[in-house]
Amino acid sequence: MTNKVQGGQDLALADLLDRALSTGVVIWGEATISLAGVDLVYVGLKVLVASVDAAQRMKDASLVDRPTDGGQRI
Amino acid sequence: MTKLYVYGIVGAISFDDPLPNGHDEASVFALVSGDLAVAVSFLERSAVEASAVNVWLHDNVLSALMTRHAVLPMRFGTIAVGAAQLLEGIVKRRGQLMKDLARLDGKVEIALHISGKDREKVEQRVAGQNADQGITQGAAYLQGRRKNLYGSDKTQLSVQNVRRAIRSGINPLMEEAIWPINAPQALPFKASCLVNRNDVARFVQIVDDIAAHSLDTRVTCTGPWAPYSFVGQSGVEGET
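Residue numbers (my numbering), protein chains in the order written: chain A, 36 to 109; chain B, 1478 to 1717.
Simulated from the structure, these hints should not be mistaken for lab results. Think of the CB as a built atom: it goes at the ideal place given N, C-alpha and C, for glycine as much as any other residue. Just so you know, not all the hints are guaranteed correct.
[To be verified] Not everything, but these chain B residues come out facing chain A in the computed CB check (under 7 Å):
hint, residue
1, A1529
2, V1532
3, H1535
4, D1536
5, L1549
6, P1550
7, M1551
8, R1552
9, F1553
10, G1566
11, A1588
12, T1699
13, Y1705
14, S1706
15, V1708
Full structure from sequences and hints, please.
Next up, the structure:
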């Protein structure tokens, strides 16, 4: 259990991805990651996943609901 | 431009023990803000690939910190363009962060899964029935998907019984939980439990004992994880 693989390495990885990519503290409302060479942006409380370019366009158009306080899970 | 990759917020202003290296083999160090510190490492990139290796690395740093300090895990991929931006964000949320650190100190998250052992056989069985009954492929797909999602009635009953037994058994050890109630029939059943680090072995023992008496279900736990699912929560049990 302490090595995180009681249920198998694949299950442990799935659980970690579930948590690390969609929960945890968000200070600025954004966390940038890259998947297959495409930069993605998680925005605020609603997990909007978009390319950086698309997110920037949405921000410019004021379509992105940015959080006023971070540290929330989705 | 050099950036800071942020792993977690720590209720200490120095890290006494050596930590594993961060992304790009960079050293992890503390950036101090009052009586809080942020665990960071320098990063030359604008984003970090969400690969298994990188996500494990993020978690390894948190695991090492967790052994000595209260830690609030950051979401994977959190990057600051500089110390000023990072510290400004910390100062703005200082009250909530301090509350979370106090609430989560010494506690870890465990993921619990309960599923039916017959789940993987369902699709084959449904395919066999379809040939006899002349069911269209679309209907077969939906039937198979439904059975895969919910399992047979027998499986549902077994999972519900095990779920209740486990909940009853681990209840005294759980500080908080995210325990689905709106769609409890979806399989596998998944819950997140916040327990004291010293109670992890007992928690697992209770779960294993109950699982050993249920031949129809598969029960697994993973962890202990940093309390990813519980940061920013109110401190009362959350049932989703």
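Requested in this report: Taking the numbered hints from earlier one at a time, note which ones the structure violates and give those numbers from smallest to largest.
Outcome: none
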